[in-house]
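**Student:** Listed below, chain by chain, are the residues.
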Amino acid sequence: MAIFADKSNKVLVQGATGHQGIFHIGAMKEFGTNVVAGVTPGKGGQEIEGVPIFNNVFDGVSETGANTSLVLVPARFAKDAVFEALDAGIKTLVVITENIPFHDAMEFVHYSKYKGAVLIGPNCPGIASPGKTKIGILPGQIFKEGHVGVASRSGTLTYEIVNSLTEKDIGQSTCVGLGGDPIIGTTFIDSLNAFEKDKDTKAVVLVGEIGGTAEEEAAEHITKHISKPVFAFVAGRTAPPGKRMGHAGAIIARGKGTAASKIKAFEKAGVKLAKFPTDIADLVEKYG
Amino acid sequence: MAIFADKSNKVLVQGATGHQGIFHIGAMKEFGTNVVAGVTPGKGGQEIEGVPIFNNVFDGVSETGANTSLVLVPARFAKDAVFEALDAGIKTLVVITENIPFHDAMEFVHYSKYKGAVLIGPNCPGIASPGKTKIGILPGQIFKEGHVGVASRSGTLTYEIVNSLTEKDIGQSTCVGLGGDPIIGTTFIDSLNAFEKDKDTKAVVLVGEIGGTAEEEAAEHITKHISKPVFAFVAGRTAPPGKRMGHAGAIIARGKGTAASKIKAFEKAGVKLAKFPTDIADLVEKYG
Amino acid sequence: MKLFEYRGKELFDKYGISVPKGRLVKNEKDFSGLNFPFVLKAQVPIGGRGKAGGIKSAENLKDAKENFSQIMGMDIKGYKVRKVLAEEKVNIRKELYLSITLDRSKRMSLIMASGEGGMDIESVPDEKIFKEWVNPLIGIQSFHIRGIVSKLGLEKEEGKEVAKVISKIYKLFREYDCELVEINPLIIKKDGGVMALDSKVNINDDAMYRHTDIEPEVVELTPLEKDAKEKGIAFIQLEGNIGVIANGAGLTMATLDALTHYEGKGGVFLDLGGTDDPEKVKQAFELMKKAKPKVIFLNLFGGITRCDSVAKGVKAVITKEGIDCPVITRIKGCNEEQAKDILKDAGLITGTTLQDAAQKSSDLAR
Amino acid sequence: MKLFEYRGKELFDKYGISVPKGRLVKNEKDFSGLNFPFVLKAQVPIGGRGKAGGIKSAENLKDAKENFSQIMGMDIKGYKVRKVLAEEKVNIRKELYLSITLDRSKRMSLIMASGEGGMDIESVPDEKIFKEWVNPLIGIQSFHIRGIVSKLGLEKEEGKEVAKVISKIYKLFREYDCELVEINPLIIKKDGGVMALDSKVNINDDAMYRHTDIEPEVVELTPLEKDAKEKGIAFIQLEGNIGVIANGAGLTMATLDALTHYEGKGGVFLDLGGTDDPEKVKQAFELMKKAKPKVIFLNLFGGITRCDSVAKGVKAVITKEGIDCPVITRIKGCNEEQAKDILKDAGLITGTTLQDAAQKSSDLAR
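Residue numbers (my numbering), protein chains in the order written: chain F, 1 to 288; chain G, 1001 to 1288; chain V, 2001 to 2366; chain Z, 3001 to 3366.
Be aware that a few hints might be false.
[As the list claims (entries may be wrong)] Just so you have them, the derived chain F footprint on chain Z, three or more residues with Cβ under 8 Å:
1) 3132-3145
2) 3174-3181
3) 3324-3334
Simulated from the structure, these hints should not be mistaken for laboratory data. Even glycine gets a Cβ: it sits at the ideal position worked out from N, Cα and C.
Generate coordinates for the entire structure from the input sequences, incorporating the hints supplied.
**Tutor:** As structure tokens, this is what we get:
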């Protein structure tokens, strides 16, 4: 098993014919992902890495049975692309696009709820369930099939952590990149609930950062509802207030969203915290 | 059992302090309905028939645990009232109000789907599960507990049919007034699916009328998915095209929505049709 | 409310959709300022005016005068022409069809377009009509417009222009609470550019209260229907001679149907609704009398409505003002017996069942 | 983008929210046309200017001149005052607080209001702040406004006016893609009427492309940060002396944290993002050099990014232009070995682990 993504995902790529689209269609296929369609308006009829390209999502879905979309379109077209996918019946969306206006994200996050779809991102690297599927731009070579679930607000930091797990021969059930924006579709709590239910997941790693209160809410949720061991790393302990630290969501505003507050909440919930990202693997080895 | 409404519904009335509100709070309580709250902005603190009145739905819900709302407010405030109820966590809504602009109805019907709520109406008499509860303005005295489910686009016509069932000692599981508007929240198909699952329902009566294609869609659905016997009456066989026959939804437009088409579809689906509304009881007695 | 073509075009203009240069003409003086050739178009709230001779070209002033006097005042399917629109002719390269309407089943707005414009959309084969549904929670999006425009076989620039029109009519449709906005044909001009040659705009009556800039113009109703509308009574004149009064739209329709079964024919549909207010009943009866039916059939089911209360209202009218046609009644439900007594007392004929009363009414109306 | 108070008020005015009569004053001539008494307010993108002496009254021309020259050019928490707003004084009967912001957890807009206006909202007790969440699928509705206004303890007419302001700021918030719109205080005037005495309007940078009427004014950034922004590089100047270059925001933050662990202090946050384009790497390094750090710490994890490609970019800069501070590198992931070779070849110090490299950097920066 795995969460959110497995062998049943038939992936359509929106924004398939760009540089990123072409590269990642190849990389996903190499990982074993069932990529069935691409969409770029006006480019229907082409093929990328053996994958047929359609002019719109509706055609892609009806011709190939795609149930999942990877959204790679530029920020100003992202809302339209997500709405199109949802109206075409897509049930799992992974939105990689960065710099989407957050009012757009608010709308499509709620619209995906209305449609009963899982939306991961935006501004995320995607999701990988080793041995099953990878939907996104995560580097395939760092993963190893196993029993640790990872949910993270950061991209490279996740790769770093996953890589160190794999180096210690600790495999992963699913790694979800939740996204670095203030408004995201799938949260720590959603991931924790899914990992809790997933028989193949034995421990969970959360990678948080400054900004918002997602970690504090996750901590409270862990205390009440999660029985599996949880480990965490929080980035931004030394970030100054009022500055956006690279991610749109990584900002300490009006005294809220500090790493100290998040670390305190996690500690209170019995979550084991790593000082350095690469330490997570040691903690999991010791306690997981 | 029953569909959509039973003893678990704790009813809040929006528009509680008007003439209709006061009358029907009394009538519902007499039927056995668990009416727990009323809402009229600015009238919080009053009581109607022993029911506490609140200034807003949120307060009503948090003070009384109401999970159901009966909407009796005037048409131009209806959309706001429905949104308020849904945001306050109400999961079953019965919208009696007539003359709601249909763009408003479109919005709140889809928003109720997003909220996972059941919305019945607008422009409907409500719902009654004899022996359990009544949420709406249907006359209580005509019902009898039993095993026939009724779903209807018309009010008085339903009363007529239910009354004739009861006179023949044929009781009802649930009677749903779906509403006479072109845009309604709960359809024949929704009702059929619920009746099919309901152990206490042994036969279903549909009361249709001209306008739209709800009956044709129901007929197709019956052929594919419904095993219980279905009976129907369709009003408006002699209605001229282009005229709205009392209900906003009862109009033959551009050749579509004729009674003939609906009757044909029902016949094809093996639904037994009554010539006169009062004949339904005979048919159910004979075949039900 | 159906708007006349010229009023629909005023709204198009407001939303930046081009329409031909034109104006309402009341007499010959109004032709000045319009260039020949132009078209004179009868303004009626019904289709098929072209075939009925309600649209004529004018190449010169003589034509114009002649054709104007023919069209003004003519009768088109029961509607007397009181307004004529004169519009300059446009060179047409291509005709499209475009509309937005209500999809009752999906509970969404439905955009329809076709490369086959200018004819009745019902006669266009289904595979040549392209559809997009707009969920009210998100409104119109680029993908809807792309989905339609890409299928119309247009050149790039034409497609862009048509895309703008779709976006504009959706805005109009939504902002004015329309049931229908139709442009047929939407044309591509020879010199480029997209223009609406006709307009059908139908505004939801229930939403008229928030469109106070639209002057109501109840063109489809008979004088009695207008009167009823003002009084808030659901009243429709039909072709038969039996006046039906019942409570509830469904029951009133079913009553008309029952009459037909006995070869009677409804002449008035009058739905009392949920009222048992004697004053409202009195108003309803007075309206009914003005429609001069041969027989009146009063069919009541008392649910919340008390039958005796309605009966009292009926008796009051009849006692005070008399009635010059037979009234058949069928009463069922709440306080049925008292009601029957009151009506018998007023000299009305009471049927035992719906069938019995329908048969009696039909027989008497023959 | 945070707008200065006066620009926020221009938007308020556009949306029909009253603001005091006032203008930007550049010199004494600009006082003409304003009635005494008025207030001179430093325009800075940060709170607390009042306490810092950035707001002063002027009862007469002498006051005005004196105070203007004091405020203009003063330094408030690192921001030099370059603009001063002069506004006529208003008679205040009551001060309220009103804002709309983003609730990240609920993913909705959050309206907050309080009867306790004029002070920092963080210092108002929670039970005196009233909140309503607006779901983006439905937007603001009457019930939201009723829910807030009914709790502010206002008289009926005041309530109606405040209701209108809430509806207007929501419109502004939504239409201008704001992260925050705050009015503190929103006042009820002695002679009735509601007015915004201050404005905080913060527009989402990612949405600036669709608000071309708002002239960008990047007031919070240092010159180097501005330069970086134009080049599309995530670059933040901090108080320390170690320049951190890493790929990914989370990793860059974690690198700064690691330095702190070894008592080093980050002076620059530079996130390369997903790029391994040597040209982009070169630009980043050049920027970093301009910030004059004592040590540069390059921390790379190669996922999709190939480490060797980044290393080539780094080597090119260093070979061509030299570097006058030590560069510590820690390289992990895709093509790690090749990258290490390239960097060693360029004379850079390579750490074995993140900890090792962080410690080396911190030691060197002391």
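**Student:** Determine for every hint whether it applies to the structure shown.
**Tutor:** Hints versus structure:
no.: 1; hint: 3132-3145; verdict: holds (count 3)
no.: 2; hint: 3174-3181; verdict: holds (count 3)
no.: 3; hint: 3324-3334; verdict: holds (count 3)
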